[in-house]
Amino acid sequence: MPVLEVKKLNQYFEKGTPNENHALKEINLDLEHGDFVVIIGGNGAGKSTLLNSVAGSLPVSYGHVKINGEDVTYENVSKRSRLISRVFQDPRSGTAPLLTVEENLSLALHRGIWRNFWTNGVKKSDRKLFQEKLAQLNLGLEDRLGAEIGLLSGGQRQAITLLMATIKSPSLLLLDEHTAALDPETSATVMELTDRLVQEQKITTLMITHNMDDAIKYGNRLIMLDHGEIAIELNEKEKEGMTVPKLMQLFKERSGKELNNDAMLLS
Amino acid sequence: MDIDIIISSVYQGLLWSIMAIGVYLTFRILDIADMTAEGSFPLGAAITMQAIVSGVSPILATIYGFLGGAAAGLVSGILHTKLKIPALLTGILTMTGLYSINLFVMGKANISLLATAKTLFNLHDFGSSTANTIVIGGVMVTIVIIILVFFFNTEMGLAARAVGNNQNMSAANGINNDNMKIIVYMLSNGLIALSGSLMAQLNGYADVSMGIGTIVIALAAIIIAEIILKNLSFGKRLITIVIGSMIYRLIIAFVLDRGVDPNALRLFYSLMLAVFLAIPLISKSFKQIKQRRLNNQDQVEDK
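For the record, the sequence lines run as chains A and B. If you're matching positions, the first sequence starts at 448 in the numbering used here and goes up one per residue. If you're matching positions, the second sequence starts at 6 in the numbering used here and goes up one per residue.
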């Protein structure tokens, strides 16, 4: 059984108006356990729309989303979070700035579990786990459990968000251009960390990115969206030996259009 | 100003601080200025007074007052989260509705207690009526602070704080934002009603219009607390709010003592809060002016 099943997914914006936008057209997508699928595509290709539909932050117009065989099409974000965790593009989005590092991590540790009002939110026994996990990031954060997250840098916050997303292995991890807002060096570090965490726990992952190099380097499957449709789908074998020029050539063959790499990288 | 006025300001501040703490929960944790306060304050007073008049024990009557406020918070919370009505409008709607409810509860515009009626403040004698007020008020404030500090550090309390901080993050971590907001709304208005209940018992009097302007008083106490000490942990912040409430009562007492017309009092409340809210900005621009002057002096010396 696939971990994620997207069936005939359609998304319309402003349906029935002259501005109608058919943002996703009959998308079918299956992710098997351990798949790390990277989605690329230019602006307006439908990457974010697809990710938001899977996450639950955008109601689905037509079609179905199943996780572990369970139909979650009509569940909201917080309900789906028992199965899904997510890292956003903006490093500020994934953490609560006025809460401390350990408070944020504790919140993530309770993802999908009922929260009581009689035991401490931050358990003493969890602190050791947090320190171990933070030490693995090599950012010196293991001594800063009590620091307010808002005082940390974007890269540090994004690394912690990644940790929060994976501290309780989710069925599905969504990465929403999560390195796009970081400087190139930090971006590379966070991307490597992502890959390590995903591989270690064999987490089924769906990542969208603008960065074609990253798209080729990471993950075992690659999907390119264009105008709400899947233009290119590469499996593990086809992905091997792929380069940016080859990928652009392939896109031209399939869609009869020239792909503007700059637009994809920079937009 | 004689010592009696100072003492009465202190214990009035003590009772008002419970209201200020209630307002703080929605104002700073949820980032909402909740006008429901102006309806739940007299609601707590009305329920408690009606209960005492009907022969209910003062302790139970006070608890009823708290629960009434929590119910008002529940209504506002549902209007705001489930029906997506803007927070300010939600507060105005509930507050307006509560005016009628308060009249229904009391059956008339106000209730006075007989001097012999039992209230929380004369259940046990600690030596004098002033001592009674300070002991009971102090105990109540302490209990409230301890419970809140405890709650906001539990699993659920942490979740509630995250909701006010970053709703994307809280939802992504499985927190039901709506339910958390409703819980804070209920706690907040429960405390506000508790404060109203205590004030009414202290004065032996509840009036349907006693809520007017109360949110301004509460906010002023909070802002004073935040001006005195910045960036405090939650528990310490609550304690400074108690002190802020007392300072505020002292300022009011001082103004009245100077012979200001009591009719002008609410105008004064508003002006004072406006000034308090502007203080951070004013002090910042003063600093900038100072910095500019220093900068210019350096330039002159360089020449």
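Hint data in this document are derived by calculation from the structure and do not stem from the laboratory. Do not take every clue at face value.
Claimed, not checked - As a list, the in silico DSBU-like pairs of lysine-lysine whose alpha-carbon atoms are at most 30 angstroms apart:
1) Lys513/A / Lys89/B
2) Lys241/B / Lys571/A
3) Lys513/A / Lys241/B
4) Lys575/A / Lys89/B
These numbers were taken from a predicted model, which means no experiment stands behind them.
Each hint, compared with the structure:
no.: 1; hint: Lys513/A / Lys89/B; in the structure: holds (29 angstroms)
no.: 2; hint: Lys241/B / Lys571/A; in the structure: holds (22 angstroms)
no.: 3; hint: Lys513/A / Lys241/B; in the structure: violated (47 angstroms)
no.: 4; hint: Lys575/A / Lys89/B; in the structure: violated (41 angstroms)
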